[in-house]
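**Student:** The whole structure should be built from the sequences, with the hints applied where relevant.
The chain contents come next:
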Amino acid sequence: DAKTTQPPSMDCAEGRAANLPCNHSTISGNEYVYWYRQIHSQGPQYIIHGLKNNETNEMASLIITEDRKSSTLILPHATLRDTAVYYCIVRKISGNQFYFGTGTSLTVIP
Amino acid sequence: GAVVSQHPSWVICKSGTSVKIECRSLDFQATTMFWYRQFPKQSLMLMATSNEGSKATYEQGVEKDKFLINHASLTLSTLTVTSAHPEDSSFYICSAITGSNTEAFFGQGTRLTVV
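Protein chains in written order, with the numbering used here: chain A, 1 to 110; chain B, 1001 to 1115.
If you're looking for bench data, these hints aren't it; they were derived computationally from the structure.
A few of these clues could be false.
Said to hold, decoys possible - Some chain B residues close to chain A (C-beta under 7 Å, calculated; not the full set): (1) T1032; (2) S1043; (3) E1103; (4) Q1108; (5) V1114.
Glycine included, C-beta positions come from ideal geometry on N, C-alpha and C.
**Tutor:** This is the structure we're talking about:
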């Protein structure tokens, strides 16, 4: 079951940081926050995941609030190729399944 | 990252026929694979979880006799859409998790059109 709430769409200027919010107010202590994105007509691509600490990799940063009820995915310098639907997913540490919510359609504008 | 490959990328079939879609993990062994379907402008809907050597677990509302899943090896799972009808036309996507169970890697998807 999807347990996340995301805005349906966002725009971002090319070269600027894209900040995508996600609300997961019912998250429990044994659940991770994952982010995936899906470029049109392709399979989803893993971006990043975290439990309670902020995480950073070559693609993005994940900021999780102290109470873990929300998080923000940050793409530091958005490019046109970052235009995609971004999915925030909550998943149990010991779980298998990834249930997708409605996601945020990000459009990067030249 | 790990690579998951689906075949075919797209298929057109006649109503009433069956279609098989393959999902392979190319560089890792996947004890668990997942099958999703996605209608236009909608999110991915999990259909079933496929475990190597055992019966698949289907999500509520998914007909197991219509969507046959076989996971005969650690690198291959197949989805067969039996007696396909136009309403089965959709984008089917598989994914697999690695032994560390931390990430799911997705195939590129299969576009099924039933005419």
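**Student:** Indicate, hint by hint, whether the structure satisfies it.
**Tutor:** Right, here's what the structure says about each hint:
1. T1032: holds (6 Å)
2. S1043: holds (5 Å)
3. E1103: holds (5 Å)
4. Q1108: Interface hint status for Q1108 of chain B: holds (5 Å vs cutoff 7 Å).
5. V1114: violated (18 Å)
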